[in-house]
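Chemist: Now for the letters of each chain:
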Amino acid sequence: MPDLTFASGDRERDIARDLHALTAELPLICPHGHIDPRILADDAPFGDPAQLLVVPDHYVTRMLLSQGIPPGRLGVPARTGEPVETDGRTIWRLLAENWYLFRGTPSRLWLERTFDTVFDVRTPLRPETADDIYDAIAARLAEPSFRPRALFEKFGIEVLATTESPLDDLTQHAKLEADGWKGRVITTFRPDNVVDMEFDGWAHAVARLGEVAGTDTTRFGGYLDALRRRRADFIAAGATSSDHGHPTALTIDLPAADAAAIYERGLAGTASAADRELFRAHMLMEFARMSIDDGLVMQLHPGAVRNHNRWLHDMHGRDTGGDIPQATDYVHGLRPLLDAYGNDPRLRVVLYTLDEDTFSRELAPLAGGYAALYLGAPWWFLDTPDGLRRFREAVTDSAGFYNTAGFVDDTRAFCSIPVRHDIARRVDAAYLAGLVTQGRLPYDEAAETIQDLAYHLPKHIFRLDGEK
Amino acid sequence: MPDLTFASGDRERDIARDLHALTAELPLICPHGHIDPRILADDAPFGDPAQLLVVPDHYVTRMLLSQGIPPGRLGVPARTGEPVETDGRTIWRLLAENWYLFRGTPSRLWLERTFDTVFDVRTPLRPETADDIYDAIAARLAEPSFRPRALFEKFGIEVLATTESPLDDLTQHAKLEADGWKGRVITTFRPDNVVDMEFDGWAHAVARLGEVAGTDTTRFGGYLDALRRRRADFIAAGATSSDHGHPTALTIDLPAADAAAIYERGLAGTASAADRELFRAHMLMEFARMSIDDGLVMQLHPGAVRNHNRWLHDMHGRDTGGDIPQATDYVHGLRPLLDAYGNDPRLRVVLYTLDEDTFSRELAPLAGGYAALYLGAPWWFLDTPDGLRRFREAVTDSAGFYNTAGFVDDTRAFCSIPVRHDIARRVDAAYLAGLVTQGRLPYDEAAETIQDLAYHLPKHIFRLDGEK
Amino acid sequence: MPDLTFASGDRERDIARDLHALTAELPLICPHGHIDPRILADDAPFGDPAQLLVVPDHYVTRMLLSQGIPPGRLGVPARTGEPVETDGRTIWRLLAENWYLFRGTPSRLWLERTFDTVFDVRTPLRPETADDIYDAIAARLAEPSFRPRALFEKFGIEVLATTESPLDDLTQHAKLEADGWKGRVITTFRPDNVVDMEFDGWAHAVARLGEVAGTDTTRFGGYLDALRRRRADFIAAGATSSDHGHPTALTIDLPAADAAAIYERGLAGTASAADRELFRAHMLMEFARMSIDDGLVMQLHPGAVRNHNRWLHDMHGRDTGGDIPQATDYVHGLRPLLDAYGNDPRLRVVLYTLDEDTFSRELAPLAGGYAALYLGAPWWFLDTPDGLRRFREAVTDSAGFYNTAGFVDDTRAFCSIPVRHDIARRVDAAYLAGLVTQGRLPYDEAAETIQDLAYHLPKHIFRLDGEK
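Protein chains in written order, with this note's numbering: chain A, 964 to 1431; chain B, 964 to 1431; chain C, 964 to 1431.
One or more hints might be untrue.
As the list claims (entries may be wrong) - Computed footprint of chain C on chain B; a stretch qualifies when at least three of its residues, placed anywhere within it, have a C-beta under 8 Å from a C-beta of chain C:
| id | region |
| --- | --- |
| 1 | 1048-1057 |
| 2 | 1064-1077 |
| 3 | 1308-1319 |
| 4 | 1346-1352 |
I should point out that these hints are in silico values taken from the structure, not numbers from a laboratory.
The beta-carbon is built from N, C-alpha and C at its ideal position, and this holds for glycine as well.
Looking at chain A on its own, in the form it has when it is part of the complex (with noise of 0.2 Å):
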């Protein structure tokens, strides 16, 4: 489908075309996601089709639940432990069924063209097709050919990076190196678990970092060390960023003694609303210093309510499709953090946003005038043709293509990540034909623009081509 996401103006879709044929054999740079990496690391045949691209996948199951089919017939795991369907065929059917749901959706667009381009599967997907499909699928999915590894290297990924907590002890990336796949595959961390007073277990989690770390986290100042030496443990697996998930983007430097005194109130449990959402800021002022001492790319994703849907967190548990995206104030809330660090060339901050209310009136601006910063890719309810199309019209006025830091899949769907990539790729290829027929930029450059989005730019600023 050449000009799948491309309008039909004649010589604007011409170029888009041509531009979009330029990245066809740039491998993928994929510097945030969440895949498994025990998938890679055991290499072991995928599951049942709807195991694989329906069950996990919550932009599909909450498109569902929001028709009123419960996440439990879609085989989503009950925390409660209630049933749920466990048969993929039965589950396959229910998503044929209801496919109409899914028209001019992302979701439909990734799996159609997953189904095309993995699977070589071009029945569209009905209730009268549904048990074609799933055979077609789970027949490949047998084939060697479609085991993880396999699939990797056919999808040419150059690097993939997994995203881990500070307790996790990267035994699978350990198993990785160890057994000589080249296939480079590193971690991201993330330490929201450790930081964020609102999770579950949070002071518990703490301990073990300690126990993890060598270090004692009763004391503030053991617990900085504790995160110090994990770091340089997931840089000694490779990673090249951290990742933080805040509800808000609040920065702050607080004196040591009051940070001290609050994640003394953590411990206790006697922490305030307001205490947990400044432990959380001044906590980003401290992973920045980090960053300027190890090199890390501080990745930031702020503004997602977690857990909005309370029934289906309670049943189902986190991540599941129950969160909803917030207003962000980036102006206000980043300013302490840019008054110290926003204009040293050591750091890197990625922002990320799901509000795109901000696109030009705050993160163009910042990214285009600060230069820790640049723009990750739209985020999540964001990450789809129009929303890539939109942060590009937005933001290229004020903060150009070179402080956008690439395209992100941040999938927890491995075999999307090609489509993804792909969609991403077409939509800036689009974009940049705009400019082209519209006299804006010739084509010459648009053809080296197009190249950098899509590979040079992602490698370079998230640190994966060596240089610091």
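Since the structure of chain A is already known, use the hints to place chains B and C on it.
Modeler: Using the frame of chain A, we list chains B and C on its own:
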């Protein structure tokens, strides 16, 4: 004008035209609006063209006010008793002289298309053609085929919902029911004037509510009973939905004693601004519970600052063009209601907005994640070709098409009903044509979708198909 | 480049081209900007190409800073006394080496079009062409036809407003008036440095204001008198408008005694942050009253967080690229002013914004509903082809064209003036062409509209036509 509102990319335009043609024979479903039911109950001839098309249209009179033409010169009644223009032809000429002010606006589009498709007038409106057009429309209005019921049938309206206060005795609907006309005209339960203590005469209205319903509204329990009884009466008069116009989207479930205490302070005239907001927020919870019991679909219209233009309100009263939108927080505001009933399949809440900044950030993720939520059509200042397009572009990613409740004309202007529906259908056709030309949706599914959006979805979601 | 910024749908593009051509001979109306009047009063040759086109352009220097190139290397004067680059050719080469950073940005468009249309340079800027282009521009700048007044005439500027503080003695304007040159250069009354207590040296400035105006500014009454007198002086020097750059859009009408008390706390150095905000808000009411008396059009530029980049401010001072927009509330902020004067035909307020999220939600409904309000052109970060387009798409529905005040270049870059106006005219032509091809506006009315937007409207709204 076959290409009205279609862009000119040839292939995309042709597909849009084909998709739009599929809606040509579909009846109009009008589940929310402000037509006075007396118009249809009496079926008297309409007044002169200005009284029909200019005087009551606050889109028109506010634009002229913004250029210094006071509403009194356009015949808008003054509650101060000051004389206003009464000559239709004079008002019409004033409109024609200032017609250039409406270039690019939806008012221009609606009126021109109404002239053309309803009144067969294709002469462009200009100062020098004003009299001819006035005479032509006046002549049509004198014909029996331009009586309200004849137009209702000609317009292809399958069902039209009006909007009444719980204090309304519904005699117009009774008259319509009694006289055997086959047109389906139903009511909608809109309790704002007995809920919002900021309405002039709230306490008086509450007292009348008790009289109408036969309960003791000096007590909160009696007040709730009265509302329940009136809902039953409205349902008997065909109502399938309630409607709630609040300044914000706040909901809260107060302990019964607290709600009762605020209610009593309201009656005593001692309620604070915070009390009034909490009472509105609590009543949304009560109405959600009532909806679960009696099946009324719950429409929520938050975000208008009523009577922002104080002079206009003092001079000409409510609903004359002086309201202004404000930023609206759905994510936190609706959370208490969603915690309680968001996944309850018995509840249907249709959310509208004046704040398009919430389209992708809040509304689409909410509607795409909760079983009870649907998105209403772009409202008021956003009910325009560009507003409708931006709505689809921003919400389809996370909500798809089937969490949107179809078009509502929401109008006081009876003759504009077919034009408004037609424009919404055209915009959806153009959006779907874009998906088709971009390879994101096959034509046959786009064809099914346009018919669902235009007819089947609103009929189903507003429970106009007899299903619960 | 006839199709610059026009999209390539053939029919739409052709109509856009025709509409744009209608503006070719129209003079430029420049009612708001930051050209130093000394440039035209002295009419001395411009400096070298870098001093003219790079050093003072904070759009350019902030983008380079965002990629780690400090402003000192670009010749931006340091207030710390640190040496900065002074060699124009070195600065120019640095720009050329980093020219790729500006792909897709308005800076690139403005500079390239300036090279072409002002300096006849069509060689693409690259490291290897940097010297040639530098030499070519330098050679032009040495010619008499490239003196400021000659360019002013060549550009077709009918009137140019500069911006001065009430402390300015207006000698440059007096010199221009005295020497018989026919170019119309007027001033604008911008009192921020004597209104906003957060300006360095506010109390000192207020004392100087008293000296300049001959009143006693130790008292609030004398301060208001001084402002009135200076406005009269500015009007005598041609001013038709005032300009107010506030952090927020807050207005408030304080009792005179309260305003005076805050003023005195300000002089005593004891004003709080809340005092300062209230004082700014109150002064907008005072200025509205003065405008009703003396006829100055009131421009309001709210929403910039000044000196957000603290290092940049400490190092290089104000207006060097360190300001960042913030969310702005017009609906509640302006309400006191609108309650008092919003429908007063003697008042004209032109509203600007850095927060495009308010376009459809707040600004268009306000301007389309109050006689005193007009919408200024998209400002600063939004003064771009895409920003200008989104402005029309978002505000035309509720405000039409005739509540918008036309383009203002708002620039410090004299040579970019014709390019900026041309781009705004092109974007309006393209937007109108879309309305024509969609059947929403006949060509003849689009043709009248484009000329009104380009010339007649700003001339009228800013009272540059001699009418009150």
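Chemist: Next, verify each hint and record whether it holds.
Modeler: For each hint, the structure was consulted:
{"no.": "1", "hint": "1048-1057", "verdict": "violated (count 0)"}
{"no.": "2", "hint": "1064-1077", "verdict": "holds (count 8)"}
{"no.": "3", "hint": "1308-1319", "verdict": "holds (count 3)"}
{"no.": "4", "hint": "1346-1352", "verdict": "holds (count 4)"}
In the structure shown, a violation is registered for the earlier hint numbered 1 alone.
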